[in-house]
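> The task is simple: from the sequences and hints, build the whole structure.
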Amino acid sequence: MIVNKYLIMDLAAQNKRIDGRDLTSYRTPIRIDLDISKTAEGSSRVQVGDTVVMAGVKLSIEKPYNDTPDEGGITVNAELTPMSNPDFETGPPGINAVELARVTDRGIREAKAIDLKKLCIAPGEKAWFVMIDIVTINDAGNLFDASGLAALAALKAAKFPVFDKETGVIDYKKKTKESLPMLKEPLPVTVHKINGCLLLDPILQEEKSSEARLTVTSDMDGTISALQKGGDEPLTMDEISRMIDIALEKANFLRKELNKVI
Amino acid sequence: MSQLLVQERDIVIPGEALAEGLDYLPGENAYREENKIYSKVLGLVSLANRVIKLTPLSGPYIPREGDKIIGCVFDITMSGWRIDTGTAYPAMLNVKDSTNRFVRRNEDLSKILSVGDYLVVKIVQVTSQRLIDVVMKEPGLYKLTDGRIIKIHNQKVPRVIGKQGSMITLIKDKTGCSITVGQNGLIWMKGTPEAELLAEKAIRLIEKKSHEDGLTDKVSLFLDENKVNENGL
Amino acid sequence: MKMVYKKRLDGRKFNELREMEAQAGVIPNADGSARFVIGKTQALVAVYGPREVHPKFLQNPKRGILRCYYSMMPFSGSGERIRPGTSRRAQEISMVMNKALEPVVDLSEFPNSAVDVFVQLPQTDAGTRCAAISAASIALADAGIPMKDMVSAVAVGEVDGTVLADLNYDEEAYDGVVSDIPVAMTHNSKEITLLQMDGEVSKEQLMKALEMAKEATEKVYEVQMKALKEKFRTQEK
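Chains as they are written, first to last, in this note's numbering: chain A, 1 to 262; chain B, 1 to 233; chain C, 1 to 237.
Any given hint could be a false lead.
What the hints assert, rightly or not - Restraint ranges, calculated between C-beta atoms of paired labels, are given here: (1) A:94 <-> C:188: 38 to 44 Å; (2) A:110 <-> B:221: 51 to 57 Å; (3) A:98 <-> B:165: 48 to 54 Å; (4) B:124 <-> A:50: 35 to 41 Å; (5) C:195 <-> A:33: 32 to 38 Å; (6) B:22 <-> A:33: 51 to 57 Å; (7) C:174 <-> A:94: 37 to 43 Å; (8) B:74 <-> A:94: 21 to 27 Å; (9) C:15 <-> B:20: 28 to 34 Å; (10) A:66 <-> C:170: 36 to 42 Å; (11) B:31 <-> A:178: 58 to 64 Å; (12) C:13 <-> A:33: 31 to 37 Å.
What the hints contain is simulated information worked out from the structure, not anything from laboratory work.
By construction, the Cβ of each residue, glycine as well, lies at the ideal position given by its N, Cα and C atoms.
As structure tokens, then:
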């Protein structure tokens, strides 16, 4: 892969980018397709520029955890497929896939985006458990934001399968009209620092030239539900403050894009 | 009775029948099986007398002796540098082929060329095992500094260069950029950031519309419409 | 042989395939890629290569090697979620995919390299390995890999005495005597590069099914050809 690292750093010092974009502009097109997989209870395909990610929601009925007997659960899993990037290897999720999954997970869970209590069927015995799987299709940079958007879109589009309370059997082939009990719409925005300049939605070359990044997951009212700092270099408090401001504003922009579709 | 089943510039897929009978000969990327000639790639039909060959529409760069390519240093050895050519086959640049000046035996080679440096080199030998030897000691071959490097499909390189260099000269003139095109699809350009971006966009346009006629005019129009002004794009 | 299954569950004719569509060049990072859909089964394929082989001991000094990796997305099954990670089924399918494509692919010009084929299925309804092979053929051609011919695949079989083409999930799971026979064929010589069978079948019915496979794979071939030519046609005036 070609990385014009010195050029990207030089341009950053002039507040410019290698593809001519503004520092806080997302690539176009931003495209969100729903129900791309009928076998999933909910699914989406999100495209930001050339980055494409799919997400699918599967529901199952399990025994609630001991410490939350009246709640269902949610887990996020991510696969950085070798299909999406020649540098990704086959095999179990590496640390980057794990980070992506856990950061996306925290953003949704801590925001209490889903009313877990409403997922309870019989306290202590049965509750709905939500599994979100993120699968990367083409990595052209910024998988974090695309994945967060895809996960939320899939959750919003999800419908409960038909469930026979007496037999306890789920008929996955039939969907009800009932959606998941969603309370919030948290979205991650990742801001990068390159040569002192703050920018977002990096292309692959910019990610490879990035010194530090901060992913901020926030909801409509500005409440932050997840933070993750990455990268080799440190961030000052002032930089963090500015990054959060950018992230809060841009999360609303992404939410508007999502609301156009669902 | 021989019969041609396709026309010049037809797009054919692997295994598609091109001709029947023994009068035609299979050229590059075509093969004969019994009475018929078939294509071996997704490509454009090209007829020269009785020889049918295919120009692939995609596919890897095949390194050839005499080709000028752009590569990136990824390793330093006792005798030189290993160059990433953007293919499955790295190239070797020996110290003695890199410069005319005398290099002392214990000299630190990384001070001459370091990992990450992009170079314009010429292929002088390709073995059957695809070991590639390159040189950088002739005029027109050098280490690239500043500017930006992009990669296009190597099949599009002839289109980007144009007949007698007409297309690449057009882009150079209208953007003011210095541009070097490697046969392996790597292209270097240097100018103001806005000019480089414009040149890159023009090249991507050529990549996308490489089959179309009148491409030089279209590119010229594109460059005029998006001309860089003093404030940048 | 008495035909008990007289009308297909979805109303198709016995030799009729489900609706198909395909596109080439759908994943920008890949050297070649394709999407192939047959009924509700969807396959996405990316091809990378020829590229360096890691680990190095796998490389072949005479020619490049082909490696296939088949994977179903966790939400692509018709029932519960599929646990991610490779299953024995996926490993076997990866291998037969490889064997189905190797006879046509010519990597003699690329010693010590590998061509990697990655398949992901977002949604499935039977015929998955066949869809994967059909999609992979398109993707390999799209990547400019030299191939003697295309390989087209479809599952034929028999349900209660009736020989059919392109069984869907409900037919595979039909409560009766069923055989599910995935077949891959080259276009020109109609040679078989994939043949498996699940269920019970007599030799007579098997040969009838293979005969039906000839025309069934032709229909797949038409879709594959269209996908490849269309990609470049839209670039032409």
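> Hints first: check each against the structure and report whether it holds.
We went through each hint and held it up to the structure:
1. A:94 <-> C:188: 38 to 44 Å: holds (43 Å)
2. A:110 <-> B:221: 51 to 57 Å: holds (53 Å)
3. A:98 <-> B:165: 48 to 54 Å: Cβ of residue 98 (chain A) to Cβ of residue 165 (chain B): about 51 Å, so the range 48 to 54 Å holds.
4. B:124 <-> A:50: 35 to 41 Å: holds (37 Å)
5. C:195 <-> A:33: 32 to 38 Å: holds (37 Å)
6. B:22 <-> A:33: 51 to 57 Å: holds (53 Å)
7. C:174 <-> A:94: 37 to 43 Å: With a Cβ separation near 42 Å, residue 174 (chain C) and residue 94 (chain A) satisfy 37 to 43 Å, so the hint holds.
8. B:74 <-> A:94: 21 to 27 Å: With Cβ atoms ~22 Å apart, the hint holds.
9. C:15 <-> B:20: 28 to 34 Å: holds (29 Å)
10. A:66 <-> C:170: 36 to 42 Å: Between residue 66 (chain A) and residue 170 (chain C), where Cβ atoms are some 40 Å apart, the hint holds.
11. B:31 <-> A:178: 58 to 64 Å: Cβ of residue 31 (chain B) to Cβ of residue 178 (chain A): about 59 Å, so the range 58 to 64 Å holds.
12. C:13 <-> A:33: 31 to 37 Å: Roughly 32 Å apart at Cβ, these two residues keep to the hinted range, so it holds.
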